[in-house]
Amino acid sequence: AQSVTQLGSHVSVSEGALVLLRCNYSSSVPPYLFWYVQYPNQGLQLLLKYTSAATLVKGINGFEAEFKKSETSFHLTKPSAHMSDAAEYFCAVSVEAGTALIFGKGTTLSVSS
Amino acid sequence: GAGVSQSPSNKVTEKGKDVELRCDPISGHTALYWYRQSLGQGLEFLIYFQGNSAPDKSGLPSDRFSAERTGGSVSTLTIQRTQQEDSAVYLCASSLTGQGYYEQYFGPGTRLTVT
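Protein sequence lines, in the order shown, are assigned to chains G and V. Heads up: the first sequence begins at 2 in the numbering used here, then just goes up one per residue. Heads up: the second sequence begins at 11 in the numbering used here, then just goes up one per residue.
Some hints could be false.
What the hints assert, rightly or not - Subject to a maximum C-alpha distance of 30 Å in a straight line, what follows is the list of computed DSBU-like cross-link-like pairs (lysine-lysine):
(1) V:27 / V:67
(2) G:70 / G:106
(3) V:67 / G:50
(4) G:50 / G:69
(5) G:70 / G:50
(6) V:21 / G:106
(7) G:70 / G:59
(8) G:106 / V:67
(9) V:25 / G:106
Simulated from the structure, these hints should not be mistaken for lab results.
Based on the sequences and whatever the hints tell you, model everything.
This is how it looks when you write it as structure tokens:
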């Protein structure tokens, strides 16, 4: 069975600081991995995805993530946080194209000025 | 183009009543998913429709929950005899299918409150 663990339910950073949101997965087969962002009272928006091509994946809004098979990790980073990045972030895994996503519990990112 | 739409955006119902939640997927998307987001359980998969295949109902929490998809487009999630623990945001997503992986696009959700 697949699972996703997001370390840290809440991360706080200062504007301009590095953002690092951690995600570890468990999967018996090569996974597809995703990061979604959710702003208050909105649906989920895809930030980036890993589908077995390049291990370093660049997404929207300056975010990127690196797939590390040896560490079973897919951490999300952004070099410099903006106030507008404050939201909830979800890591998700799928082991077959077109099947349901398994989500982590989410990490709330707060950005202070 | 138009994204995934859901209605109603908010629904308040009394315990024991039935509710129907609607999802309009992106035109041309053959796959449709329902998820539930609650404080205690996070984001959970409920049911998945793929073209004309039998739906994957493995995530439905009880037989009070059912869903159908008419004409390969609009889907309705029905919860019978609602309970307070059904209070959650119900999210619908749709995607293309075929060779390779296609991302799921999510609607804004329906917030269900059972009193």
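May I ask which of the numbered hints given earlier this structure violates, with the numbers listed in increasing order? none
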